[in-house]
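Participant: So the protein lines, in turn, are chains Z and G.
Going by the UniProt record's numbering, the first sequence opens with residue 1, and the numbers climb by one from there.
Going by the UniProt record's numbering, the second sequence opens with residue 1, and the numbers climb by one from there.
For the record, the hints were derived by calculation from the structure and aren't laboratory data.
Every residue gets a Cβ at the ideal spot worked out from N, C-alpha and C, and that includes glycine.
Wrong hints could be hidden among the right ones.
Here are a few chain G residues that sit away from chain Z, every Cβ distance over 10 Å (derived from the structure) [unchecked claim]:
{"hint": "1", "residue": "E36"}
{"hint": "2", "residue": "V67"}
{"hint": "3", "residue": "E75"}
{"hint": "4", "residue": "P76"}
{"hint": "5", "residue": "F93"}
Selected chain Z positions facing chain G (in silico; Cβ < 10 Å) [claimed, not checked]:
{"hint": "6", "residue": "G52"}
{"hint": "7", "residue": "T59"}
{"hint": "8", "residue": "Y62"}
{"hint": "9", "residue": "E66"}
{"hint": "10", "residue": "R88"}
{"hint": "11", "residue": "Y90"}
For reference, the chains in residue letters:
Number of protein chains: 2
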Amino acid sequence: MELTTTPEPPYYAVIFTSVLSPDDEGYHEAAERMFELVRAAPGFLGVDSARGEDRVGVTVSYFRDEVAIAGWREEPEHAATREKGRARWYDAFEVRVARVERAYGSR
Amino acid sequence: MELTTTPEPPYYAVIFTSVLSPDDEGYHEAAERMFELVRAAPGFLGVDSARGEDRVGVTVSYFRDEVAIAGWREEPEHAATREKGRARWYDAFEVRVARVERAYGSR
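Go ahead and model the full structure; you've got the sequences and the hints to work with.
Facilitator: Right, dumping it as structure tokens:
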């Protein structure tokens with residue numbers, strides 16, 4: 001697995017943290033489909049995601065701007081899956097929308 | 001494991017993504033110590049972290065403002081451990097500093 005690459009800031013990050021329910025039937029297929037779908041979303045820049053053995057997951061999706069975030073939020077298949085996920089798969093979740101101001105790294 | 005709670009935005013997020021090297025001797029102890037240390041840092045608000053079986057990790061630390069981020073960056077034990085980590089434990093990493101503008105969730 002590799003880290004995503006993003007252009008120079010500024011851009012936006014959607015930070016999604018969640019606790020996956022033990023009753024997660026159908027979750028992994030749906031998550032894979034969402035990763036596939038978001039890659040085609042206008043203004044999508046990249047995504048980094050991890051989930052540990054304690055079932056806590058942190059997924060950060062990067063978008064060009066707020067317009068791109070709104071477009072992805074309203075994408076019909078994503079919206080339907082999101083509602084299902086919130087009702088069924090997550091014991092808890094948080095969404096934070098943030099403007100990336102600077103970035104650096106090494107690879 | 002639980003998700004952290006944070007106050008109403010605005011505040012800042014430091015998004016740290018990494019690929020842990022297979023040669024990770026000493027890493028887990030150092031990481032635990034850094035989690036302990038950051039909780040005492042002025043302006044620290046919370047942290048969410050996950051690492052999956054593919055060795056990709058996503059850690060998001062929340063701070064009150066840029067002053068708090070700078071204070072944590074310059075904390076001597078953290079600075080020493082960070083340099084060691086970058087040289088030894090990570091095959092790749094990225095740091096993004098972002099201003100959280102809105103947040104919502106369910107728990």
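Participant: Could you check if G52/Z really has its C-beta closer than 10 Å to a C-beta on chain G?
Facilitator: At 4 Å from the nearest chain G Cβ, G52/Z passes the 10 Å test, so the hint holds.
Participant: For the hint on R88/Z, just tell me whether its beta-carbon gets within less than 10 Å of chain G.
Facilitator: violated (12 Å)
Participant: Would the stated hint for Y90/Z survive a check requiring a Cβ distance to chain G of less than 10 Å?
Facilitator: OK, holds: Y90/Z within 10 Å of chain G, min 8 Å.
Participant: Confirm or reject: V67/G is not an interface residue toward chain Z, with every Cβ-Cβ distance exceeding 10 Å.
Facilitator: holds (14 Å)
Participant: Was E36/G rightly flagged as not at the interface, with every chain Z Cβ beyond 10 Å?
Facilitator: holds (17 Å)
Participant: Say whether it holds or is violated: F93/G keeps its Cβ farther than 10 Å from all Cβ of chain Z.
Facilitator: violated (5 Å)
Participant: Take a quick look at P76/G and tell me if its Cβ sits farther than 10 Å from every Cβ on chain Z, holds or violated.
Facilitator: With a cut-off of 10 Å, P76/G remains clear of chain Z, as the shortest Cβ separation is near 21 Å.
Participant: Could you check that no beta carbon of chain Z comes within 10 Å of the beta carbon of E75/G?
Facilitator: holds (19 Å)
Participant: Under 10 Å, Cβ to Cβ, is where Y62/Z needs to be relative to chain G, so tell me if that hint holds or is violated.
Facilitator: holds (8 Å)
Participant: Given T59/Z as an interface hint, is its Cβ closer than 10 Å to any Cβ of chain G?
Facilitator: With Cβ-Cβ at 7 Å, under 10 Å, it holds.
Participant: Return the status of the interface hint for E66/Z: holds when the least beta-carbon distance to chain G is below 10 Å, violated otherwise.
Facilitator: holds (9 Å)
Hints 5, 10, counting from the list given before, are not met by this structure.
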